[in-house]
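Chemist: The chain contents come next:
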Amino acid sequence: MPPAATPSHEATTLIDELLAQERNLTAVDRFSQWHGRQTPSSDTRPASRLYRSLLPLHAPGPGEQYAFEVDLDRCSGCKACVTACHALNGLEDGESWRSVGLLVGAPPPASPAPALLQHVTAACHHCLEPACLHGCPVLAYEKDPGTGIVRHLDDQCIGCTYCIMMCPYEVPRFSQRLGIVRKCDLCSERLVAGEAPACVQACPTEAIRVTHVAVRDVRARLLPALPASSNRSKINPFLPSAPDPILTLPTTRYSSERLELASMRSVDLSHATPAHGHAPLVIMLVLSQAAVGVFSWRAWMPSATPTATVWLGLAMLVLALGASVLHLGQPRRAWRVFLGLRRSWLSREAILLGALLPAALAATVLSPESAAAPLAAGLAALLGWASIGASTMVYAATGRPYWSAAWTASRFVGCTLALGSGLVGALSPLPDPWLLLSTLAGLLGAGLSLAPDLMLWTHRCSTATTALARTAFLLSGRLRFRWRARLGLAAAGMVALIASWLASPNHSVELRWIAVVCLFATTLLERHLFFTAASPDRMPGNVPA
Amino acid sequence: MTEELARVAGGPGLGQLPRRLAPSGMAQAICGFCSTGCNLKLHLKDGAAVNLSPDPNYPVNLGMACPKGWESLACLTASDRGTTPLLRATDGSRRPIAWSEAADVFTARFKDIQRRHGPDSVAWLGTGQITTEELAFLGALGKFGMGFRHGDGNTRQCMATAVAAYKQSFGFDAPPFTYADFEASDVIVLVGSNLCIAHPILWQRIQRNPHRPEILVVDPRRTETAMAASQHLAIRPKSDLALLYGIAHLLVAAERVDREFIAAHTVGFQQFRDFIRAFSPDRVASETGLTVGQIVRTADTIGRGRAVSFWWTMGVNQGHQATRTAQAIINLALLTGNIGRPGTGANSITGQCNAMGSRLFSNTTNLLGGRRFQDPADRSHVAMALGIPEDRIPRDDSWAYDQIVEGIRRGAVKGLWIVATNAAHSWIHQKDFREVLARLEFLVVQDMYFSTETAALAHLFLPAAGWAEKEGTFINSERRIGWIQKAARPPGDALSDFNIFRLLANHWGCGDLFRQWNSPESVFRLLQACSAGQPCDITGIRGYAHLAESGGIQWPFAASHTRDHLAEDTHPRERRLFTDGRFFTPDQRARFLFEDPSPSPEPPDAEYPFVLLTGRGTSAQWHTQTRTAKSALLRQLYPDRLYVEIHPDDARRLSLISGAPTCVQSRRGQLTATAFVTATVPRGHVFLPMHYPEVNQLTLPNFDPHSRQPGYKHCAVAIAAVHPQP
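Each protein sequence line maps, in turn, to chains Z and H.
Per the working numbering, the first sequence starts with residue 1, numbered consecutively.
Per the working numbering, the second sequence starts with residue 546, numbered consecutively.
Here chain Z stands alone, though its shape is the one from the complex (with noise of 0.2 Å):
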């Protein structure tokens, strides 16, 4: 092997300054260009183009807001709307507040028609009625009524995420790293100085532009033109596949001349991934449902629910308080929750759960005897069931079918009658007919519980189109194994159930508690997959892969 020909001294020299080089960042400064040596321009907007051809000339006059309008025919899929949004605006690793999914159009079998595929631009859509806004607890956003503008007041944000579940279009999106959530407002400051929004910017062949549109005539494309209840078109007014526009009335205008939109679908529509789990929810959601079903055997059966039990209640509905703090981003924020009373469903919800522990104190604490107990647990009793019906609404208010009212009542009411019940008749020593009403109760709870997924059986298919059928999809695929146990542990604690009233009174506290259990668990699956396997209508997403 013949030596190096340098010797290593000098090798050493040369590396440490080709090293030093590598860190020598002053070589920009030979060219820079800089607002010193330009010719000093008092106009700061961006260079690029003539945006006055995709920007109104002048701000929206009365009964018009601004809109993003998209041309189909322009958009070639190229995406540089989604990351200028990110890199003009600053945001987050990974974060945009646009993006672009995929619609397609395959031909009849075996015709010769071409295949149609169509790329979708899509940010905020600035709504007519924002669910955001509607839902959100703490009044962080606002719609401007000049403008009509949707905007989120980040200041006032407790990250509740409320709103991602309420908006149709997956629109705002959670910082980890501020514990709030952001989303697009229409780049109003630039618009405001004569600038075109980032996204529009970008584009290099003029898809997007902003327009004024006049409220009427949102309403006029949108709103069927039947009532409500009669049979809706199947053809949706906004964008085919793209949530029910009804729900907030979107602004966005999607046009093409060269295609036929209602023929198309997005690409994927029959895909569905589990969303996510929101454990914290799941534990208050649960843990106060029980502890309102213990409370209400207090303030109907004082003497069928001894105070050990309604301590375990009152216990179990700390804890859901403190989870449903500790899933906020902002927990230090929560106490503004109160704000939202007027229009948000989890405000009420969250006052009326606040509202609820001193009540359930109360009741805890009186001894049975004195005259304020039954007035106490009466309280929390009626406190605690118009939590239930707030939790409801919560859900409900998102128009996700598997969110919908009625099934989501009787999951809660379910969970409220079986758990409560079950504790008390597992904790009690009760004499008949108490016994016989828990168990009658819990039974009764863990059929309603168990009402929706036996529903949803029916809307099983092998090519899923509807936000039900991806539910059923889901159920029956990648969450099969949690519903196939959370549909067991059902099954077990009914059995349970009734074999411990077969069996009392010698074995039956036993197999009481082997209920208890089991009912707990089968709640905690079946409020687990309530999150996880929701699928609701969404704007078009990638190829799923």
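Keep in mind that the hints were calculated from the coordinates and are not lab data.
Incorrect hints may appear among the rest.
[Said to hold, decoys possible] The calculated SDA-like cross-link candidates involving lysine to any residue, where the alpha carbons are at most 20 Å apart (straight line), are:
{"#": "1", "chain 1": "H", "residue 1": "Lys590", "chain 2": "Z", "residue 2": "Asn24"}
{"#": "2", "chain 1": "H", "residue 1": "Lys1175", "chain 2": "H", "residue 2": "Pro1238"}
{"#": "3", "chain 1": "Z", "residue 1": "Lys183", "chain 2": "H", "residue 2": "Gln1181"}
Model, not experiment: these values are computed from the prediction.
Assemble the complex: chain Z is given as a structure, and chain H must be docked to it using the hints.
Modeler: For chain H alone, kept in the frame of chain Z given last:
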């Protein structure tokens, strides 16, 4: 928190920017992904780039960029960036070593192999992804300094066909167009090009065309570009040659040819006319699967066009008769006189950001400056320009990529140096290629990331700086030389490729030869001297500052030319070649070149009944994804796992639904992909996006005889549903 998003005026022409990212200085860099050559303004804070936006004043991109360009900086910060050289021990583990040891090992091992096995025994595989100055340094160091006989680049995989076609037809590798031609045509013919996805910023230029052009797209698949076409010719894969000859047949038959141009500026028309007589519309219809009416309409559209431009990319370049197919396109332009005028041309759109730099200055296929190793005058010119002894310059061409691979297989090549390319992912018939690499005594991989499929196989890994972490130039598809500034520090002890070459030259003992190669700009001057008198003469460029001031400069830009014809401030920013009808052949005439179509090397059969097409997936993915997979945002813009596109009729027959795991098998390997049932692929065909590492396990090693470019676009596969095990 509101403050997080508050926007302030970013500076002249920048518009509002987040206050946090408001720049305190600016730099510029030509994008480091594709050959479009977009200029990106780098927003600096404390001298380092924190953000970027596309340059509105650059004549290429006019203020636009695709997602890859926008996310260029995100690709630089990744945990798998190489920060120190890594040496593999006998137990297979890799340990960090100092640069001095790395250079020692490099020098000792390669010299040892050369001593034992002769000059053929070491080779390099380069790239179109590093700067012109760097790849010239690699080529000069390898061939003149270290005595490597064989070197080639990954440009063999994308552009070799265009090179061979232009050289034979025009006498020089000279893409004649400027992007303004997209806007000046009234007929635009795109062959094997999904411009919308592969070159979105060039699609912008078509959208800006004010002449409501007819857009003809030749592609078996219904792509985004085909969707936007006024005529989509969904031909059978690899029947393009027959189609192009059939169009020529109809043009000649209808006398829609430019007799005057043909007579004055071409050679071989008579033979070509006789040859295409056999390509009747009926025959072409049966071979392409089109109707006679479609073919006639296409020929008619082209024949009537006032300014017809023809554009092609990988659908043409990666085929078993690729060079003849590219020349069939060139023939149409010559036939109709659609060349040298605004809105015309037979135009190859290049792939990588510096494929064009590689074509002229990598010192592999050509001697520096697009010269010939065999030509004594060229050797003497280069020796003079570089100040090196003439006998250092080899007198023969070196092996092409596939020949180097075969050299390794038969034991002729024992040592290989791979620079900035992920061959173990991208080379055709991947399993075989990896087995061949395993035969090497010594494999050096120089890359930004230690994690690439290829770097993972290296005995010695050299960590390189990336785009914008170094200075230099790229040459884009329209021959525009653009400048990249350094605006970021490479991580750890990573060195720019340029500085790695300096270090290795010094260590090898040939530092004296490269005494003048001490900065990118000084190398640029040497390359200018090499180009003197060539069609690509760039002697008129006065350094990097001139490039920056001019919005890039297209070659040719000869010193004599600028003195004689073009005043400083009047040279047009967009120029095309052959405006005078004079080509670079000795007689200044272009050639009609043609050959009978031959069947694909692996037609589908009963066992493997489907044709596998491969190509680009989305505009957010670049080649083997070593960089684009580093951006969290880009990752959201494409499917995270491999999918296979299959026609609904075929899917029905095989009981496949979208989302189902599907086995795709060729004679060379098999993989599992998620089915995407879509009528955008023809019946009997499936499509796999090339960005996923498994895909080249299936592809068939076959090479165009003229360009030696691999034919990635066609092989036979079998498809079956994978039933998940219970």
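Chemist: Which of the numbered hints are not met once you compare them with the structure shown?
Modeler: Nothing - there is no hint that the structure violates, so all of them hold.
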